[in-house]
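Given chain V's structure and the hints, the job is docking chain E onto it.
In order, the protein sequence lines correspond to chains V and E.
For what it's worth, the UniProt record's numbering labels the leading residue of the first sequence as 1, then goes sequentially.
For what it's worth, the UniProt record's numbering labels the leading residue of the second sequence as 1, then goes sequentially.
Among the hints, erroneous ones may be present.
It does not matter which identical chain is used: a pair holds within one copy or between any two.
DSBU-like mimics (lysine-lysine), calculated; alpha carbons at most 30 angstroms apart, straight line [stated by the list, open to error]: (1) LYS193 with LYS141; (2) LYS193 with LYS276; (3) LYS86 with LYS193; (4) LYS79 with LYS166; (5) LYS206 with LYS276; (6) LYS86 with LYS141; (7) LYS166 with LYS206; (8) LYS86 with LYS206; (9) LYS292 with LYS193.
Honestly, the hints are just simulated from the structure, not real lab data.
2 protein chains.
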Amino acid sequence: MSKLVIVGTVAFDAIETPFGKTDKILGGAGTFIGLAASQFKVDSAVVSVVGGDFPKDYLDLMSNKNIGISGIEIVEDGKTFFWSGKYHNDMNSRDTLVTELNVLADFEPKVPENYKDAEVVMLGNLHPLTQMSVLNQMHNKPKLVVLDTMNFWMDCALDDLHNTIKHVDVITINDEEVRQLTGEYSLVVAARKIHEMGPKYVVIKKGEHGALLFHDDNVFYAPALPLEEVFDPTGAGDTFAGGFTGYLAKTSDFSFENMKNAVIYGSTLASFCVEKFGTERMLDLNADEVNKRLQQFKQLTQFEIELT
Amino acid sequence: MSKLVIVGTVAFDAIETPFGKTDKILGGAGTFIGLAASQFKVDSAVVSVVGGDFPKDYLDLMSNKNIGISGIEIVEDGKTFFWSGKYHNDMNSRDTLVTELNVLADFEPKVPENYKDAEVVMLGNLHPLTQMSVLNQMHNKPKLVVLDTMNFWMDCALDDLHNTIKHVDVITINDEEVRQLTGEYSLVVAARKIHEMGPKYVVIKKGEHGALLFHDDNVFYAPALPLEEVFDPTGAGDTFAGGFTGYLAKTSDFSFENMKNAVIYGSTLASFCVEKFGTERMLDLNADEVNKRLQQFKQLTQFEIELT
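Bound conformation, chain V alone (with noise of 0.2 angstroms):
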């Protein structure tokens, strides 16, 4: 078992589906990393800021879970990043209705000494220069380090970007991105030209068709689990990404074999994470429906072929 820092964003959701829509609610990338690695009671840290309009409510929730919360910094007279969005029929695009950035504008991350030496470092989406100073702090350099990144910092922080994805071990990125990030239509194309930048390994998610892992000539394809229907896709990728890395700090191995399991495991994770508003499902979700879905996982991509 490894420890895990995590960086991101704890925030305010308001969220809009063909289904309903929300009020503020908990959101944010570092909430939704930090509750799925939470499944596999690893020893983490959410490093990030909210106002002194966060409720203690949501801290509690989180430390409940076992998410390290000492790492987050209270600006009381500060207030909580907010997003609002509103999804399409398809739910496969959305429109960003409301950014508040508030006390993130000036965020500085803060890793707790108790946690400079952990062994594993999620970076989430956040502007690589707040990803790279989470990495500054550490004591050691940590044996993976895991960054989500979006198309907002390749259109305005590019050079930053890059200057951060050399010191990183695994990238998660989704299939326009890496497109844009290499100016390769072709996945394979387009991760070789990744690999270049740094990470070795490279995950590209593309929602409904799944996730695809590379390793140098290796490549592992992981399906989404075709789902009847997306209550809110909101988080769906951070799950993923909490999925991957909270799986990889458990068992300690970073091999390309286990990461192969960690893209199951944050295929599964993300699965359930779709199903009701914001963090709902994760909040309630418990190891036996987890090991259930893995199994379904397994029914749906394993077959017996004997070669002829």
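Just chain E now, kept in the frame of chain V:
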């Protein structure tokens, strides 16, 4: 080993991709299906029609590949069906430049007498009435009927399509088409609706995202092999269908478990088809290459998780 009847076009194609363009070359759904099925050395008959302009060399080529050509009618004073298309840069969409039905306009399929007892029938993409007329000629109800279709017939012959698919065991269809046919966005719900229309098995082709097999509450998801480059997608769907059906005809095992293997074989053969123009790669494919790629498919998809 079951006898296999294939109905489908035998045609001239002229193809333009970002990588180059061809003159009129051998094409047609029946050709691609037959070539894929021939990998399994099944006793097959292609039922089709060509004009007097169709080279004897092409018929010899098919015959040498062990594809039965006795059901291919030659209309000496007619011209062979001709299709021409141009692919866009992403290879996922194309424009049809020319469609000359020619002898296909009056095509009345005639199943050779010694194939009217075939156990397996593959109905390639044609007017649903033409597909039905093949079924009507069979002496007994075949053990397995597979049907491929496309949006064109949903637009202009929907009632006939509904009547024909009532008699079908397996439908192969792409994701856009299954959404059009059922009016459902969720593929899980769409597959259930197709079950109600007749086919107990539904194969949804998703191109670079792989293929799904549905049967009641069972789902199997075969990803597509991530390719460095797709040279020419023409015939990939037919090759998939031919590989799927050919494998089932060879094994005469029509269970869901064995259909999983059939989907993997279909995907494997389709991954070769797109490597060169038209039928070129399929005409020059040996069993060692197929086995090697099946091994790649195993590495791509198989994992070993111990449930916790």
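Quiz prompt | Which numbered hints fail | solution = 4, 6
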